[in-house]
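Engineer: As a plain string of letters, each chain reads:
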Amino acid sequence: MNRLAIPKTYKLYIGGKFPRSESGRVYEVLSHKGDFLANAAKGSRKDARDAVVAARSALSGWAGATAYNRGQVLYRIAELLEGRRAQFVDEIVSSEGVTTAVANAQVDEAIDRWVWYAGWADKYVQVAGNANPVSGPFFNLSVPEPTGVVAIIAPQGSESLLGLVSAIAPALVAGNTVVVVANENAPLSAISLGEVLATSDVPGGVVNVVTGSPAEIAPWLASHADVNALDLVGAGDLDWVELQISAADTLKRVLPPESGADAAAPALQRILAFTELKTVWHTKAIL
Amino acid sequence: MTSSPMATYQPERRALALIGGEATDANLRRYLHGIPGIDAVGLEARAADLGTRSIKTSSKRWAIDTIIGLIDLTTLEGADTPGKVRSLVAKALVPDPGDPGCPRVAAVCVYGDMVGAAVTALGSAHAAGGTQGAGVQRVHVAAVATAFPSGRASLAIKLADVRDAVAAGADEIDMVIDRGAFLAGRFGQVYDEIVAVKEACRRTDGTLAHLKVILETGELNTYDNVRRASWLAILAGGDFIKTSTGKVAPAATLPVTLSMLEVVRDWHRLTGVRIGVKPAGGIRTSKDAIKYLVTVAETVGEEWLTPHLFRFGASSLLNDVLLQRQKMTTGHYSGPDYVTID
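Keeping their order, the protein sequence lines are chains A and B. Just so we're aligned, residue 616 is where the first sequence starts under the numbering used here, counting upward by one. Just so we're aligned, residue 288 is where the second sequence starts under the numbering used here, counting upward by one.
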């Protein structure tokens, strides 16, 4: 007797839960050959809005965690990614049409990159912060702090998992919370990453994954007054100048689109892009 | 909101005619227990059904402005200061400084000792004695009294509490019923207390401050009790029935409010008198508030959606409504940075 295969429903990841789109819409995710792979939720502007609310409420907890703790939590995600390797490889092979070896290499790279960023969590402040010299009996200290809620348009090209990891990991390091619009054509690794995050120590709402059309959702995130920064790394095919203009209305930090093989390459600058420098004065102790 | 219609309204005589005798425990019990019971499952299903209506675009815009105009902006904390009351009043008068077209709230609701501060802060915008002319919505001052929120004090203290607030200029008094007496079946005592408080609402010029009777439905346990308490409060002369103090969970819920609206509807059919309803506590989002508007319109009719017949007792609701309003005005989502922190 033939067994009936049970296909998986891919849903959104918002506030630590896996809801369907409030719009009820789904779209077909196809393999590189054009075969049906899965139905993914087609997120709407209201899903993006809910994701921002979740990200905002998770912010104080995540930003308030010690840098050492954030580093541990992020490192733990890398461990879990390793444990789910087979699933990620499988999804990459079917949706990107690459060999298992290439897919394995992409997962390797994604995990390594995650670990690399996790290591920065308790170090970037020492590099980017400073004790400024001043002409008086004061300490003058500059320290970077997280910007807040970061909306990210994930890279839309090949290497779906690596692109996603390269975009969200640096924003998380400093204590920002993230709303990411996944790769439209290859969203499966994004949802699976959501499942990894849900079973890790990352509090719900710190990372929110919305699948669907970036062209539809991005303008709402760019103009949303409760989003503090916008990473347009994967928005090269969108009208990204318009997105930058509407982001400017509410004074968001914006990163421009990147393309090519070294798009969103690991760099300290990606972490610092979503930090604000706070400078404080303090009297020197009288000894 | 003047008390003039109330001057000719004689609840005592009406109540006595209805219950067929003096307002004794026995008579009231016979009357209140003779009221048909509530089908709890049906009530909750009806409330849930009313909550599924889709209110969009121009209807939503109307609903949002209506909600703002029905809010009793409330601060009832032990840490209230005159400064806090002043900033509450400022928000009541200009809820959204970025949009002068935003309507004012109906009233501010404070503890009795803060009434003076609220009246001073309102100045010419105060409902009673205010000088702002027609076309400008004036704001009322509501005071909670009668040993709010527990109501556990002697009658003399409760009445003094009410008189103080009225003398300080309160337009509306939110009293709590004695839930202990109600649950023990001493309906006569609850009735007499409401009548006495109503009398204590009398100002020196003979007019009455509006009386809202808080049932504290979260402590009444059953819908049947809520219905009986609603009847009791109306029989005794309450101008408004209010769900909760906001200090007890659960506070206002849609089924409870629906059951109270049904009593108000029945009372209107019986006597032609319109009684107000005020759900308070636990209503935090515009979405929730819109469900209440739908429930009111469907149960007693749209004419109840005016400040002298329906209010929301809320503090955080206003901010959420303002965010929705900004979204509709600007076309993009707003955030908590664009409303005041209360």
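Quick caveat, the hints were computed from the structure, so don't treat them as lab data. A portion of the hints provided could be inaccurate.
[What the hints assert, rightly or not] Cβ-Cβ distance ranges computed for the label pairs, FRET-style:
# : chain 1 : residue 1 : chain 2 : residue 2 : range
1 : B       : Ser437    : A       : Glu857    : 54 to 62 Å
2 : B       : Thr616    : A       : Glu831    : 17 to 25 Å
3 : B       : Ser437    : A       : Gln884    : 43 to 51 Å
4 : A       : Asp737    : B       : Asp624    : 52 to 60 Å
5 : A       : Ala830    : B       : Asp624    : 54 to 62 Å
6 : A       : Trp896    : B       : Thr491    : 41 to 49 Å
7 : B       : Thr491    : A       : Thr898    : 55 to 63 Å
8 : A       : Thr714    : B       : Met615    : 48 to 56 Å
9 : B       : Ser437    : A       : Asn745    : 18 to 26 Å
Note that CB positions come from ideal geometry on N, CA and C, so glycine has one too.
Engineer: With reference to the structure, classify each hint as holding or not holding.
Structural biologist: Okay, the hints, checked on the actual structure:
1. B:Ser437 - A:Glu857: 54 to 62 Å: Distance hint for Ser437 (chain B), Glu857 (chain A) holds at roughly 58 Å.
2. B:Thr616 - A:Glu831: 17 to 25 Å: 22 Å, holds
3. B:Ser437 - A:Gln884: 43 to 51 Å: With a Cβ separation near 59 Å, Ser437 (chain B) and Gln884 (chain A) fall outside 43 to 51 Å, so the hint is violated.
4. A:Asp737 - B:Asp624: 52 to 60 Å: 29 Å, violated
5. A:Ala830 - B:Asp624: 54 to 62 Å: At 27 Å between Cβs, range violated.
6. A:Trp896 - B:Thr491: 41 to 49 Å: At roughly 58 Å between Cβ atoms, Thr491 (chain B) and Trp896 (chain A) fall outside 41 to 49 Å, so the hint is violated.
7. B:Thr491 - A:Thr898: 55 to 63 Å: 60 Å Cβ-Cβ, so the 55 to 63 Å window holds.
8. A:Thr714 - B:Met615: 48 to 56 Å: 52 Å, holds
9. B:Ser437 - A:Asn745: 18 to 26 Å: 56 Å, violated
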